[in-house]
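With the hints as extra help, turn the sequences into a complete structure.
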Amino acid sequence: MGEISLKSSVEDLQRSLNCEWPAITAASRTAHETQALLRRRLDDLDSEDTSIVVFGSLAREEFTAGSDLDWTLLIDGHSDPQHLSATQDVTRRLEEDRISGPGRERTFGRMAFSHNIIHQIGGEDDTNRNITQRILLLLESVPVAQRIAYDRVVKNILQRYLLEDRGLWHGSKAHKVPRFLLNDIVRYWRTVAVDFAYKQRERAGKGFALRNAKLRMSRKLVFVAGLLTCFGCHLYLPENIKASIFGPKPNPAPLIDHLLRYVEATPLRILAYELLEQPHPAAARNLFDAYNHFLGLLADQDSRDRLESLTFDELQGDPIFRQVRQIGRQFDKGLQQLFFDPRSRLYELTIRYGVF
Amino acid sequence: MRRFGFSTGALAGGDFRRALAMLRDLPATCVELSALRLPELEPLMQTLDHLDLSGFSYVAVHAPSRFDPAEEPDVIRQLQRAAARRFPIVLHPDAIHVPERWSVFQDLLLIENMDKRKATGRSVPELTEVFGRLPEARFCFDIGHARQFDSTMTEAFLLLRAFGRRLHQVHLSEVSSHNRHNRLSFGAIHAFREVSHLIPEEIPIILETPLQPEEAELELARAAEALPAPVTAPAWR
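Top line first, the protein sequences correspond to chains A and B.
Quick note: the first sequence, position 240, residue 287 per our numbering, numbers continuous.
Quick note: the second sequence, position 20, residue 120 per our numbering, numbers continuous.
Just to be clear, a hint being listed does not mean it is correct.
Interface residues of chain B toward chain A, partial, derived using beta-carbon atoms under 10 Å [as the list claims (entries may be wrong)]: (1) Leu151; (2) Ser165; (3) Pro169; (4) Lys216; (5) Arg222; (6) Ser223; (7) Phe249; (8) Ser251; (9) Met253; (10) Thr254; (11) Ala256; (12) Leu258; (13) Arg261; (14) His297; (15) Glu301; (16) Glu302.
Among chain B residues calculated to face chain A with C-beta under 7 Å, some are [to be verified]: (17) Arg217; (18) Phe231; (19) Thr252.
The set of hints was computed from the structure by calculation and includes no laboratory data.
All residues carry an ideal CB built from backbone N, CA and C; glycine is no exception.
Given below as structure tokens:
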């Protein structure tokens, strides 16, 4: 095999394992078509100071017929009352195209301001919405049309995480893992997991099975991609580049440049990239077969509707939810093989950075 | 020691004679003769051979930033006078209509990176396309534009890494979010120092900050603070 590419890693992994994941391929194709549609419909609504950014399954290239569209108007520039009109226009045009809008938590479908996202990392003002927007900008986001405001914000977020990580520049550890960034990714994953319980209570169990499936699979995948992104700073950078970054004077630009490639890649591509770098066929099959099955379920409207409407009492004997559990277990098994196999190069990093 | 100078446009708009008179009293060894607006080009070119530029070790000309496609051949024809004097010609990539026409200037042509409001020429991929059409052209690195486009200076680093071998001149100023050139602030100086070591000492630095004559010396001191000479040459030199 030639040089491994993040851009084609899922396809390359399929080829290397001589298998097919049709639901993943179909969801990726639908996502590309939908992104192109949005680009045509919305490209006059942003500017050099604003970007319309999509998140969730569309950004992850896992878009299926029943998927919601999570988006935000990201503003990085002087204030302008017209920004609200642009936001309302996005909503109106998506409704005209019968594209389902964001979920009920109202994290998306509105304006988001770069100052909060960049400056409020930690502390009382770093709200649930703020950390969600910040981490998802890094792990599952795509600008629909003009991207320069988006690029600026992402680079500034990364610069804060890196430059304020004293251990990264001045620590004596041989591993170069950006811990400030990693800690916030871990915090976000735990927040998602806690919010799962919150929503279960708040919504009296409505939609539990679908949210459970997403927590086991897509939400967990985003966390896995975040872990690999952080570990990748140590694993994937050539030694001469590392030397230029971590010299006597901190030089974060090449590290930001490196991380931007992961920001641009989908979580599945990041996972596939690691499985190509460090082949582990059993883990790869468990992870991607399970994920393919998961996306197949979500793409099937009857299964999705069933998961959406199941009550707690119906969960136990339901065949669709049983599949969700099996898929979740298979995905977890793949993760155990990838991260906790003592022969794996991820093993030591996981032990050192994964929990404590 | 670095060589610093001013753009005549920043000092006196289209009045290049007044700007040159101001520069006589300043410790500036470089100058960029500005014809940023199209009507400024003809008077500048017609006077070029009669200007006293003897006090400068480096002289460049800034081409107009906007003209119609039909005007492009005449702009190039007029700029031949600058080329005949071996003066580098700074050009905005978004001003170009037919890139091949500009290839007559070979390595005297300096392509400048743009600010965020422009549709092209802002980043490495966008400039790679421009240099692909003008392979002999060199690079005028506008550090203020680069910071306005990306305040982390990552794009500045990437531009210098990608086009460092072509680097021939630097434009220095602070560029506001409204795309205006301003005097250097504390934040700008701090940011510019991050990439200063990637700019070789011999590269001329042209200040584009609008100034009153009495402010010029202080601004030169700020410029020296923002871009200290590197201890060692960047890897690509």
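Okay, the hints, checked on the actual structure:
1. Leu151: violated (37 Å)
2. Ser165: violated (17 Å)
3. Pro169: violated (25 Å)
4. Lys216: This hint holds: lysine 216 of chain B lies near chain A, its Cβ roughly 4 Å from the closest one there, short of 10 Å.
5. Arg222: Hint holds; arginine 222 of chain B Cβ to chain A Cβ min 7 Å, cut 10 Å.
6. Ser223: OK, holds: serine 223 of chain B within 10 Å of chain A, min 8 Å.
7. Phe249: Holds, because the Cβ-Cβ distance from phenylalanine 249 of chain B to chain A comes to roughly 7 Å (cut-off 10 Å).
8. Ser251: This hint holds: serine 251 of chain B lies near chain A, its Cβ roughly 6 Å from the closest one there, short of 10 Å.
9. Met253: Interface hint status for methionine 253 of chain B: holds (6 Å vs cutoff 10 Å).
10. Thr254: holds (5 Å)
11. Ala256: Holds - the Cβ of alanine 256 of chain B comes within 10 Å of chain A, reaching about 8 Å at its closest.
12. Leu258: Because about 6 Å separates leucine 258 of chain B from the closest Cβ in chain A, which is inside the 10 Å limit, the hint holds.
13. Arg261: Hint on arginine 261 of chain B: holds, closest Cβ of chain A at ~8 Å, below 10 Å.
14. His297: With a closest approach of 8 Å, the histidine 297 of chain B hint holds.
15. Glu301: Since chain A brings no Cβ nearer than about 18 Å to glutamate 301 of chain B, farther than 10 Å, the hint is violated.
16. Glu302: Check failed: Cβ of glutamate 302 of chain B comes no nearer than 22 Å to chain A, outside 10 Å.
17. Arg217: holds (5 Å)
18. Phe231: At about 19 Å, which exceeds the 7 Å cut-off, the nearest Cβ of chain A leaves the hint on phenylalanine 231 of chain B violated.
19. Thr252: holds (4 Å)
Hints 1, 2, 3, 15, 16 and 18, counting from the list given before, are not met by this structure.
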